[in-house]
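Just so you know, the protein sequences line up as chains A and B, in that order. Quick note: the first sequence uses my numbering, first residue 30, plus one each step. Quick note: the second sequence uses my numbering, first residue 91, plus one each step.
Possibly wrong hints are sitting among the right ones.
What the hints assert, rightly or not - Covered stretches of chain B, as calculated for chain A (at least 3 residues, CB under 8 angstroms): (1) 109-117; (2) 148-161; (3) 175-186.
For the record, the hints were derived by calculation from the structure and aren't laboratory data. For every residue, glycine included, the Cβ atom is placed at its ideal position computed from N, Cα and C.
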Amino acid sequence: MAEEVVLLDFWPSPFGMRSRIALAEKGIKYEHKEEDLRNKSALLLQMNPVHKKIPVLIHNGKPVCESLIQVQYIDEVWHDKAPLLPSDPYQKATARFWADYVDKKIYEVGGRVWKTKGEKQATAKKELIETLKLLEKELGDKPYFGGESLGYVDVAFIPFYSWFYALEKCGNFSIEAECPKLIAWAKRCMQKESVAKSLPDQQKVYDFILEMKKHFGIE
Amino acid sequence: MADEDVVLLDFWPSPFGMRVRIALAEKEIKYEYKEEDLRNKSDLLLKMNPIHKKIPVLIHNGKPVCESLVQVQYIDEIWPHKSPLLPTDPYQRAIARFWGDFVDKKIYGLESGKVWTTKGEEQEAAKKEFIECLKLLEGELGNKAYFGGENLGYVDVVLVPFYSWFYAYEKCGNFSIETECPKLIAWAKRCMEKDSVSKSLPDQDKIYDYVLHLKKVFGIE
Numbered sequence: 030m031a032e033e034v035v036l037l038d039f040w041p042s043p044f045g046m047r048s049r050i051a052l053a054e055k056g057i058k059y060e061h062k063e064e065d066l067r068n069k070s071a072l073l074l075q076m077n078p079v080h081k082k083i084p085v086l087i088h089n090g091k092p093v094c095e096s097l098i099q100v101q102y103i104d105e106v107w108h109d110k111a112p113l114l115p116s117d118p119y120q121k122a123t124a125r126f127w128a129d130y131v132d133k134k135i136y137e138v139g140g141r142v143w144k145t146k147g148e149k150q151a152t153a154k155k156e157l158i159e160t161l162k163l164l165e166k167e168l169g170d171k172p173y174f175g176g177e178s179l180g181y182v183d184v185a186f187i188p189f190y191s192w193f194y195a196l197e198k199c200g201n202f203s204i205e206a207e208c209p210k211l212i213a214w215a216k217r218c219m220q221k222e223s224v225a226k227s228l229p230d231q232q233k234v235y236d237f238i239l240e241m242k243k244h245f246g247i248e
Numbered sequence: 091m092a093d094e095d096v097v098l099l100d101f102w103p104s105p106f107g108m109r110v111r112i113a114l115a116e117k118e119i120k121y122e123y124k125e126e127d128l129r130n131k132s133d134l135l136l137k138m139n140p141i142h143k144k145i146p147v148l149i150h151n152g153k154p155v156c157e158s159l160v161q162v163q164y165i166d167e168i169w170p171h172k173s174p175l176l177p178t179d180p181y182q183r184a185i186a187r188f189w190g191d192f193v194d195k196k197i198y199g200l201e202s203g204k205v206w207t208t209k210g211e212e213q214e215a216a217k218k219e220f221i222e223c224l225k226l227l228e229g230e231l232g233n234k235a236y237f238g239g240e241n242l243g244y245v246d247v248v249l250v251p252f253y254s255w256f257y258a259y260e261k262c263g264n265f266s267i268e269t270e271c272p273k274l275i276a277w278a279k280r281c282m283e284k285d286s287v288s289k290s291l292p293d294q295d296k297i298y299d300y301v302l303h304l305k306k307v308f309g310i311e
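All chains should be modelled from the sequences, with the hints used to inform the complete structure.
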């Protein structure tokens with residue numbers, strides 16, 4: 030099966046990391062193409078004309094856009110290895126609900142933690158912790174959101190762990206102090222090669238955030 | 091399959107609720123429809139959707155499913171034999187999900203609401219973007235009868251509820267969607283010929299009255 034898989038990506042993107050992890054879990058070889066978002070490639074604009082965003086998964090020349098859609102596609106095409114979504118429809122619906130929750134909450138609230146100061150930042154920090162605590166509750170005593178092995182929600186959520194150090198430094202708070210079980214879960218995920226090799230170093234992400242703050246004139 | 095207990099907590103003008111009504115009707119599933127008063131949410135709603143506290147909530151044999159796109163996919167998977175909504179091919183499924191997501195982000199999103207909540211330049215910009223998004227959808231529809239091909243599919247179910255809001259948008263924004271996107275309106279009318287759709291969408295005048303009521307409540311001119 031001569032499969033051609035290309036991933037148009039940007040190294041700090043948590044959305045790109047999701048697809049990296051999913052492909053790694055399935056043992057799929059692919060070509061990783063780093064995009065310069067200030068100078069998007071003709072290929073990116075051709076493959077994602079609607080949103081012009083990364084990540085874009087290109088399978089045998091055909092593009093799949095939006096990270097959660099890519100993860101589900103990867104799970105369905107390479108269904109024999111490391112299944113990410115459960116087979117039971119109700120459990121599937123529950124997994125989709127929580128991945129959607131991560132999408133709606135973490136990126137936007139996390140963004141406010143590093144982009145704002147003073148009261149706005151305090152509000153954002155509070156909201157972030159509340160969100161993380163809800164996820165901690167959903168995890169419960171399971172090693173992973175997917176149960177005994179990495180699942181859809183783990184893949185959707187774990188990339189944001191690479192941003193935690195940057196958020197903690199910018200917001201002057203400790204996520205581990207508030208959500209120890211969640212950090213334990215994250216470290217457990219990081220023991221897997223598919224995750225460890227897909228997430229950038231937390232210090233690198235922090236340096237990137239500092240650069241972005243400078244660029245946008247944020248104190 | 092006897093004794094399926096299906097309840098839908100809903101709110102009549104919600105296009106999100108309409109998606110689920112259509113999906114259940116397509117599958118010919120009998121269910122109990124419960125109208126919620128969103129200013130006075132029921133204990134059942136708060137118990138079944140503690141995270142978002144929003145409608146629609148689908149309760150199947152006592153277990154809640156929240157978020158309309160998740161509900162439509164769930165309904166399609168539980169009752170796969172009648173009126174399949176998502177294609178079987180993984181790539182076509184990804185395409186359908188992409189456009190469903192596009193509809194959620196662009197047609198149902200905060201920006202499109204500005205067509206009726208704002209005036210002047212802000213409204214003009216919102217109208218322009220709204221029409222551009224509808225045109226993109228028209229492009230995706232192409233010459234097909236439905237987004238799903240020969241039959242109603244996932245994207246049709248996700249998008250057509252919004253047709254019930256078009257008249258209100260046109261009145262508030264003083265423009266004609268049909269003039270800009272005739273193929274899309276033709277598609278919507280084709281969908282409305284189906285019982286599952288026409289019985290799930292409220293009358294466009296009622297929606298317009300509701301929008302006027304909301305404008306008054308929120309002090310929008």
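*Return the numbers of the hints above that this structure violates; sort them in rising order.*
Checked against the structure, the only hint that fails is number 1, while the rest are satisfied.
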